[in-house]
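Okay, here's what each chain looks like letter by letter:
Number of protein chains: 2
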Amino acid sequence: MDIRQLKYFVTIAEEGKITAAAKQLHIAQPPLSRQLKQLEEELGVVLFDRNKKKNLTLTYEGEVFYKRAKDILHKLRDSILEVQELREEVAGTLAVGSTIYCAALLLSKVSQIREKHPNLMFNIWEGEPSRLHKLLENRQIDAAITTTPFYSKNIESKSLPDIPCKLVLPGINHTASAEMPT
Amino acid sequence: MDIRQLKYFVTIAEEGKITAAAKQLHIAQPPLSRQLKQLEEELGVVLFDRNKKKNLTLTYEGEVFYKRAKDILHKLRDSILEVQELREEVAGTLAVGSTIYCAALLLSKVSQIREKHPNLMFNIWEGEPSRLHKLLENRQIDAAITTTPFYSKNIESKSLPDIPCKLVLPGINHTASAEMPT
DNA sequence: ATCTCTTACGGGATTCGTAAGGATG
DNA sequence: CATCCTTACGAATCCCGTAAGAGAT
Numbered sequence: 001m002d003i004r005q006l007k008y009f010v011t012i013a014e015e016g017k018i019t020a021a022a023k024q025l026h027i028a029q030p031p032l033s034r035q036l037k038q039l040e041e042e043l044g045v046v047l048f049d050r051n052k053k054k055n056l057t058l059t060y061e062g063e064v065f066y067k068r069a070k071d072i073l074h075k076l077r078d079s080i081l082e083v084q085e086l087r088e089e090v091a092g093t094l095a096v097g098s099t100i101y102c103a104a105l106l107l108s109k110v111s112q113i114r115e116k117h118p119n120l121m122f123n124i125w126e127g128e129p130s131r132l133h134k135l136l137e138n139r140q141i142d143a144a145i146t147t148t149p150f151y152s153k154n155i156e157s158k159s160l161p162d163i164p165c166k167l168v169l170p171g172i173n174h175t176a177s178a179e180m181p182t
Numbered sequence: 001m002d003i004r005q006l007k008y009f010v011t012i013a014e015e016g017k018i019t020a021a022a023k024q025l026h027i028a029q030p031p032l033s034r035q036l037k038q039l040e041e042e043l044g045v046v047l048f049d050r051n052k053k054k055n056l057t058l059t060y061e062g063e064v065f066y067k068r069a070k071d072i073l074h075k076l077r078d079s080i081l082e083v084q085e086l087r088e089e090v091a092g093t094l095a096v097g098s099t100i101y102c103a104a105l106l107l108s109k110v111s112q113i114r115e116k117h118p119n120l121m122f123n124i125w126e127g128e129p130s131r132l133h134k135l136l137e138n139r140q141i142d143a144a145i146t147t148t149p150f151y152s153k154n155i156e157s158k159s160l161p162d163i164p165c166k167l168v169l170p171g172i173n174h175t176a177s178a179e180m181p182t
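So the sequences go chain by chain: C and V. Each step along the first sequence adds one to the number in the working numbering, with nothing skipped, and position 110 is 110. Each step along the second sequence adds one to the number in the working numbering, with nothing skipped, and position 46 is 46.
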């Protein structure tokens, strides 16, 4: 099993033709055909229907594996970028947004991370969930912490450990943003 | 980037020594050392501290990548097993639990899947969330559908599309189980 | 002196590309 | 006959294992 085979498979599935996929992958068709065959043999599963049609279509098993393969490839790509950016970000800036209710969680985490990376600057934003959503989509912030997660593509949400959130200040001015260089 | 390199890296991280990891992987030390070096060069990130200590320890970047790599390997393994079992399960049995509130979603899905795989039997259980949780942990059921997801290790939860759940029968006998061969 | 990681080199395996063979519309 | 997939073969690449070197305790 090889990452390359997963990439090949995903490309074939998306192109519908081995020939077209090979062109996109900048390799010749025969190797692609072989890699697909090897993948199917290794899995013991037929991934494509080869019935007379000109376009290859995924079998049911193929569809399931396609989703998984795509997810794995995305996770791998994100993981690589994450550690690479991590190395750079030791002297970079991370913009994080939070609702006022989650500020406690955010600020305690910031303290922890700043111990590890003294040169990492934080840029902290506060706002209501809808505003955080916009900031996130515009990449003005890299992450948001909220009790009401957004459900939209290109945005992943993760559950954080429960903490007691206490409202310390009345939310008078929810649209204002605060910048904290420390 | 290669799956093998990820496996190698994870093993090294868990063993703390290249020598021990190589023994466990049934390969010689030099190739392992090289693969690790290649991985670090490809990522552009130093994964281990080589400071005079006898045991290699993960750098901060290494720790992050270790978690990601382990997750990816698990997902890959699960994906392979999933499609392989899928092929076999065409004549197998799938045990699914559901709260009474989600039965509509479950039963409609069962109908869809049974069209694809006429020989796939379903074993459907009904019960309250806490009971489903136990059944799931004991592997008596393969999956559960509920409005109140469980948060525990070895259990993954996924959000399903919203459907209107209507209570058709009063939940008189929540602890009974029903088996539906069709 | 022992343990561990790194570098050097040769054999083996895997993969690619080009070329030829089938199958389908 | 045109298009696509598959099989066959030779060349290049990559990986592994053995052997030797370097560093640290």
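These are calculated hints, taken from the structure and not from any lab test. Be a bit skeptical, because a hint or two may be false.
If chains are identical, the list can't say which one is meant, so a pair holds when it fits in one copy or spans any two.
Said to hold, decoys possible - Subject to a maximum C-alpha distance of 27 Å in a straight line, what follows is the list of computed DSS-like cross-link-like pairs (lysine-lysine):
#1 Lys-67 to Lys-109
#2 Lys-109 to Lys-134
#3 Lys-37 to Lys-134
#4 Lys-109 to Lys-70
#5 Lys-109 to Lys-54
#6 Lys-23 to Lys-54
#7 Lys-17 to Lys-67
#8 Lys-17 to Lys-53
#9 Lys-158 to Lys-67
#10 Lys-23 to Lys-134
#11 Lys-158 to Lys-17
#12 Lys-7 to Lys-53
#13 Lys-158 to Lys-75
#14 Lys-37 to Lys-158
#15 Lys-54 to Lys-75
#16 Lys-23 to Lys-70
Please read these numbers as outputs of a predicted model, since none were measured by experiment.
**Asked** Is it within, between, both, or neither for Lys-17 and Lys-67, if the alpha carbons may be no more than 27 Å apart?
**Response** Within. Shortest intra-copy distance 18 Å satisfies the 27 Å Cα cut-off; inter-copy 36 Å does not.
**Prompt:** Is it within a copy, between copies, both, or neither that the alpha carbon of Lys-7 lies no farther than 27 Å from that of Lys-53?
**Reply:** within (23 Å within a copy, 39 Å between copies)
**Copy assignment of Lys-23 with Lys-70, given that the CA separation must stay at most 27 Å** = within (20 Å within a copy, 33 Å between copies)
**Prompt:** Is it within, between, both, or neither for Lys-67 and Lys-109, if the alpha carbons may be no more than 27 Å apart?
**Reply:** Cα proximity of Lys-67 and Lys-109: across copies only (18 Å, versus 34 Å in one copy).
**Message:** Cα distance capped at 27 Å. Does Lys-109 pair with Lys-54 within a copy, between copies, both, or neither?
**Reply:** neither (55 Å within a copy, 31 Å between copies)
**Prompt:** Between copies, within a copy, both or neither: which fits Lys-109 and Lys-70 at Cα up to 27 Å?
**Reply:** Result: close only across copies, 24 Å inter versus 32 Å intra.
**Asked** Given a CA cutoff of 27 Å, do Lys-23 and Lys-54 count as a within-copy pair, a between-copy pair, both, or neither?
**Response** within (17 Å within a copy, 49 Å between copies)
**Request:** State whether the alpha carbon distance between Lys-158 and Lys-67 is at most 27 Å within one copy, between copies, both, or neither.
**Result:** both (20 Å within a copy, 14 Å between copies)
**Asked** Should Lys-109 paired with Lys-134 be assigned to within, between, both, or neither, using CA atoms and 27 Å as the limit?
**Response** Within one copy only: 23 Å inside a chain, 34 Å across chains, cut-off 27 Å.
**Message:** At most 27 Å between alpha carbons: which applies to Lys-17 and Lys-53, within, between, both or neither?
**Reply:** Close inside one copy (11 Å), not across copies (53 Å); limit 27 Å.
**Asked** With identical chains treated as interchangeable, where does the CA-CA distance between Lys-37 and Lys-158 reach 27 Å or less: within a copy, between copies, both, or neither?
**Response** neither (37 Å within a copy, 32 Å between copies)
**Message:** Within, between, both or neither: how does the pair Lys-54, Lys-75 come out at a Cα-Cα threshold of 27 Å?
**Reply:** Result: close neither inside a copy nor across copies, 32 Å intra and 32 Å inter.
The structure is inconsistent with the numbered hints 3, 5, 10, 11, 14 and 15, although it conforms to all the rest.
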